[in-house]
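There are 2 protein chains.
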Amino acid sequence: MKLLEDRITDEGRILPGNILKVDHFLNHQVDPQLMMAMGHDFAEHFQDRQITRVLTLEVSGIAMALTAAYALKVPLVFAKKIASVTLGDNVYSSKVYSYTKKREYTIRVDKKFLADGDRVLIIDDFLAVGQALGGLIDLCDQAHAQVAGIGIAIEKAFQGGGDKYRAMGYEVYSQAKIREFSSEGVIFAAD
Amino acid sequence: MKLLEDRITDEGRILPGNILKVDHFLNHQVDPQLMMAMGHDFAEHFQDRQITRVLTLEVSGIAMALTAAYALKVPLVFAKKIASVTLGDNVYSSKVYSYTKKREYTIRVDKKFLADGDRVLIIDDFLAVGQALGGLIDLCDQAHAQVAGIGIAIEKAFQGGGDKYRAMGYEVYSQAKIREFSSEGVIFAAD
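Protein chains in written order, with the working numbering: chain A, -18 to 172; chain B, -18 to 172.
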């Protein structure tokens, strides 16, 4: 998606540890017009998949998952990684290891909000090795919900998560697929 | 806003401790069509205030703040309460006490994203005693940004936060203003 690639090229910054900082428009300050365009792009890509719910993980996936759900006219569910007093024990949960934060955390979804028969579009802002994605797929599996598609804003293709899940048969669509970071900046993969 | 009041009446549940659970449509599963209607309602209410940025606090305020920012055609900034490896030290920060979680936490905004001259619309999902709101106002004050309006989805009027900030001169607009919880369910204030 050229719109997103251009914003990454113009405003993204590369930090040590292969961290791409996109806080001007995506995960601290957020450009709502861009989010709406991204949501419509996801919806268009997966329009024939009979999606019944969009699933994301708080926090940074919410904006683009909301606009995708809006365009698809289905509910959005966000898995929680922060303990909540109002979330009871009737949950599906999965453990996710964060390489960035170097710790394991638990993600949870109330069992009411993922069901057998659901066709789920998973959306997240970043895909690197695919730890968070694996947790979200696990939640769907526990609910006997079908993962009908995976939409990613920014895939760091050199970290292998996307190809791993493609090899498992999932359709992973990334709006900006980064082949490598170099002294020239960000280099995108052709597809 | 009748649309939101009706959803609270139909789908909200009251838990011990005056907690209103709205996880079917607002803060776990999210209805994107409702969020868009709420965003447009906020935008319409504050359309003459020359808003330059919308500010909210992660997590549950993001959906309705995003749609408000979309309708107002301004950026959304969400203050962070979760530590982030990509958020540096160049931040405004404020301490907020959570009565629900019975602990203090720190909220932060990168100094790049709140500036002298900004006219900020603060949006949040709940207003009870106003602790989180106080923190968001404090961030704006530190940046010499003007709080041009405060938009709340659900105000628990009996907990006093809304009237406290109205008495300080802020315009607080709540889409659903709850006068009390009773055995009959939720009773809304007239205005």
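In short, the hints are calculated from the structure, not lab data. Among these hints, one or two may not hold up.
Which copy is meant is left open, because identical chains are indistinguishable; a pair holds if it fits in one copy or across any two.
[To be verified] In silico lysine to aspartate or glutamate, DMTMM-like type, Cα no more than 25 Å apart, as pairs:
1) LYS145 to ASP70
2) LYS76 to GLU25
3) LYS92 to ASP144
4) LYS54 to ASP144
5) LYS62 to ASP122
6) LYS61 to GLU85
7) LYS82 to ASP119
8) LYS61 to GLU(-8)
9) LYS83 to ASP97
10) LYS92 to ASP(-9)
11) LYS62 to GLU25
At most 25 Å between alpha carbons: which applies to LYS61 and GLU85, within, between, both or neither? Both, since 14 Å and 20 Å are each at most 25 Å.
For LYS61 vs GLU(-8), is the C-alpha pair at or below 25 Å within one copy, between two copies, both, or neither? Between copies, since 20 Å is at most 25 Å while 29 Å is not.
From the Cα coordinates, with 25 Å as the cut-off, is the pair LYS92 and ASP144 best called within, between, both, or neither? Classified as neither; 30 Å inside a copy, 38 Å across copies.
As a check of your reading, is LYS54 near ASP144 (CA-CA no more than 25 Å) within one copy, between copies, both or neither? Neither: 29 Å inside a copy, 37 Å across copies.
Within, between, both or neither: how does the pair LYS145, ASP70 come out at a Cα-Cα threshold of 25 Å? Answer is neither; intra-copy 32 Å and inter-copy 36 Å both fail.
How would you classify LYS76 and GLU25 at a CA-CA limit of 25 Å: within, between, both, or neither? For LYS76 and GLU25, neither the intra-copy (31 Å) nor the inter-copy (42 Å) Cα distance is at most 25 Å.
Check LYS62 against ASP122 for me: Cα-Cα at most 25 Å, and say if that holds within a copy, between copies, both or neither. within (18 Å within a copy, 31 Å between copies)
Intra- versus inter-subunit Cα pairing at 25 Å for LYS62 with GLU25: neither (29 Å within a copy, 34 Å between copies)
When Cα atoms must be at most 25 Å apart, do LYS92 and ASP(-9) count as within-copy, between-copy, both, or neither? between (41 Å within a copy, 20 Å between copies)
Up to 25 Å CA-CA - ASP97 versus LYS83, copy category: neither (33 Å within a copy, 37 Å between copies)
Within, between, both or neither: LYS82, ASP119 at alpha-carbon 25 Å: within (21 Å within a copy, 28 Å between copies)
When each numbered hint is compared with the structure, violations occur for hints 1, 2, 3, 4, 9, 11.
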